[in-house]
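Residue numbers (the working numbering): 1 to 339.
No wet-lab data here; the hints were simulated from the structure.
This structure is a prediction, so every number in the text was calculated from the model and none was measured.
Note that beta-carbon positions come from the ideal geometry of N, C-alpha and C, so glycine has one too.
Heads up, a few of these hints could be off.
Quick list of simulated restraints, FRET-style, between CB atoms [said to hold, decoys possible]: (1) 252 with 331: 56 to 62 Å; (2) 85 with 221: 33 to 39 Å; (3) 26 with 130: 27 to 33 Å; (4) 192 with 60: 42 to 48 Å; (5) 245 with 136: 45 to 51 Å; (6) 184 with 58: 37 to 43 Å; (7) 334 with 94: 33 to 39 Å; (8) 128 with 298: 28 to 34 Å; (9) 26 with 224: 57 to 63 Å; (10) 34 with 99: 16 to 22 Å.
Derived BS3-like pairs (lysine-lysine); straight-line CA-CA distance at most 30 Å [stated by the list, open to error]: (11) 306 with 339; (12) 324 with 338; (13) 59 with 26; (14) 306 with 324; (15) 306 with 228; (16) 245 with 316; (17) 338 with 306; (18) 306 with 267; (19) 245 with 339; (20) 334 with 306; (21) 99 with 28; (22) 26 with 105.
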Amino acid sequence: MDGEKLREAAAAGDLALVKSILKQQKSKIVDAADEDGMTPLMHAAYKNQLAVCDYLLSKGADVNWDNHKHQYTPLMFAVLSGSPEVTQLLLQSGASLTKTNGIGKTAAQLAGFVGHHNCVTVISNFFPQTELEPYTKPQGLSSTPKLYPDQVPAFYELVTSSNLNPVKLTMHLTKHGELLRRREDTVYVLEHLLETRANELNEPLAMKLHYLIHVVNACVAHENGFIKHLLTGRESDGALLNMEKFVRLSIRDFKYRNSQLLLALVKNITAVTPGDQPSALSFLEQSINGLQSSSTAESCFACGAKGNQKLCSACKRISYCSPKCQQLHWFSHKKQCKK
Numbered sequence: 001m002d003g004e005k006l007r008e009a010a011a012a013g014d015l016a017l018v019k020s021i022l023k024q025q026k027s028k029i030v031d032a033a034d035e036d037g038m039t040p041l042m043h044a045a046y047k048n049q050l051a052v053c054d055y056l057l058s059k060g061a062d063v064n065w066d067n068h069k070h071q072y073t074p075l076m077f078a079v080l081s082g083s084p085e086v087t088q089l090l091l092q093s094g095a096s097l098t099k100t101n102g103i104g105k106t107a108a109q110l111a112g113f114v115g116h117h118n119c120v121t122v123i124s125n126f127f128p129q130t131e132l133e134p135y136t137k138p139q140g141l142s143s144t145p146k147l148y149p150d151q152v153p154a155f156y157e158l159v160t161s162s163n164l165n166p167v168k169l170t171m172h173l174t175k176h177g178e179l180l181r182r183r184e185d186t187v188y189v190l191e192h193l194l195e196t197r198a199n200e201l202n203e204p205l206a207m208k209l210h211y212l213i214h215v216v217n218a219c220v221a222h223e224n225g226f227i228k229h230l231l232t233g234r235e236s237d238g239a240l241l242n243m244e245k246f247v248r249l250s251i252r253d254f255k256y257r258n259s260q261l262l263l264a265l266v267k268n269i270t271a272v273t274p275g276d277q278p279s280a281l282s283f284l285e286q287s288i289n290g291l292q293s294s295s296t297a298e299s300c301f302a303c304g305a306k307g308n309q310k311l312c313s314a315c316k317r318i319s320y321c322s323p324k325c326q327q328l329h330w331f332s333h334k335k336q337c338k339k
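Given these sequences and hints, build the entire structure.
Printed below as a string of structure tokens:
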């Protein structure tokens, strides 16, 4: 009876009742399953109850419970709900990405199948922050760590970002300047993570880490002029050829030459004339984040951020996410804007 009440409270998002029931039962029924094998955590994940999920996990709920009649896990119910927040929480709590359901689909495949590409993006860009801990300690003969502890949040945000626009990434690196000032150490950590993903045959994340290395190196090589270089538009139509060239060269420089992802990307981008759509960046983001990233209709022209766009008040043709991005691009856009 208490198990049923707990499942109902979890599905309804009644955190107070969930806490009351578990307090009385001393968390013994935290994984009490119904006749279909659904635990309170599964019910909460399916109903997008983030706070309840967080509390259940803190009380020892099994994040990889798979005694469901169709072998679904809590992570699979999270992606079915379309909740990137619950998906991220479960991943951070140790949810397995390799478990499959009764028809052989992983959580990522299930999310793509039902069209919840925001959850695919979270899964594709995830790795545990705890993986960075060894780099915060001196190794070998070195007296300093490759990552200072206060750098970890900025570094983690960099490698888990779904926006791969080099302007946006450069803005982040500039904001957290220590990552650029210690470029060799930053690249060292990225390369080690890249080798791990390559060994795990995780081609999308390996490609992403390789691309981030190129962005970091380019930021340092161009000093403070990389964003202006990227946003310099073609005289005739404003097409960002420098950005296109940078992304193409970054992809083609991927050292794992037999990678199926590399072969597919090269085949796609070589079929498109530089300056035309789709861009190399859209192909790259689609290969890593899923199909939803192939659309640039609602993206900031400068940094690629999605949502809350405002059109240029003069030409009404190009949109930006903020006045800052419009100012960054104005030196180039003003020529087309007047036309």
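Here is how each hint holds up against the structure:
1. 252 with 331: 56 to 62 Å: violated, 29 Å
2. 85 with 221: 33 to 39 Å: holds, 37 Å
3. 26 with 130: 27 to 33 Å: Holds: the Cβ-Cβ distance is about 29 Å, inside 27 to 33 Å.
4. 192 with 60: 42 to 48 Å: Check failed, 33 Å falls outside 42 to 48 Å.
5. 245 with 136: 45 to 51 Å: The hint (45 to 51 Å, Cβ to Cβ) is violated, given that residue 245 and residue 136 are roughly 36 Å apart.
6. 184 with 58: 37 to 43 Å: Since the Cβ atoms of residue 184 and residue 58 sit about 39 Å apart, the hinted range of 37 to 43 Å holds.
7. 334 with 94: 33 to 39 Å: About 51 Å separates the Cβ atoms of residue 334 and residue 94, which means 33 to 39 Å is violated.
8. 128 with 298: 28 to 34 Å: holds, 31 Å
9. 26 with 224: 57 to 63 Å: holds, 59 Å
10. 34 with 99: 16 to 22 Å: holds, 20 Å
11. 306 with 339: It holds: about 26 Å lies between the C-alpha atoms, which stays within 30 Å.
12. 324 with 338: Judged against 30 Å, a Cα distance of about 20 Å means the pair holds.
13. 59 with 26: OK: residue 59 and residue 26 at ~9 Å, within 30 Å.
14. 306 with 324: holds, 15 Å
15. 306 with 228: Cα-Cα ~21 Å, so holds.
16. 245 with 316: The hint holds at about 27 Å.
17. 338 with 306: holds, 26 Å
18. 306 with 267: holds, 27 Å
19. 245 with 339: Judged against 30 Å, a Cα distance of about 26 Å means the pair holds.
20. 334 with 306: holds, 23 Å
21. 99 with 28: This hinted pair holds, its Cα atoms lying about 25 Å apart.
22. 26 with 105: violated, 35 Å
Of the numbered hints given earlier, the model fails hints 1, 4, 5, 7 and 22; all others are met.
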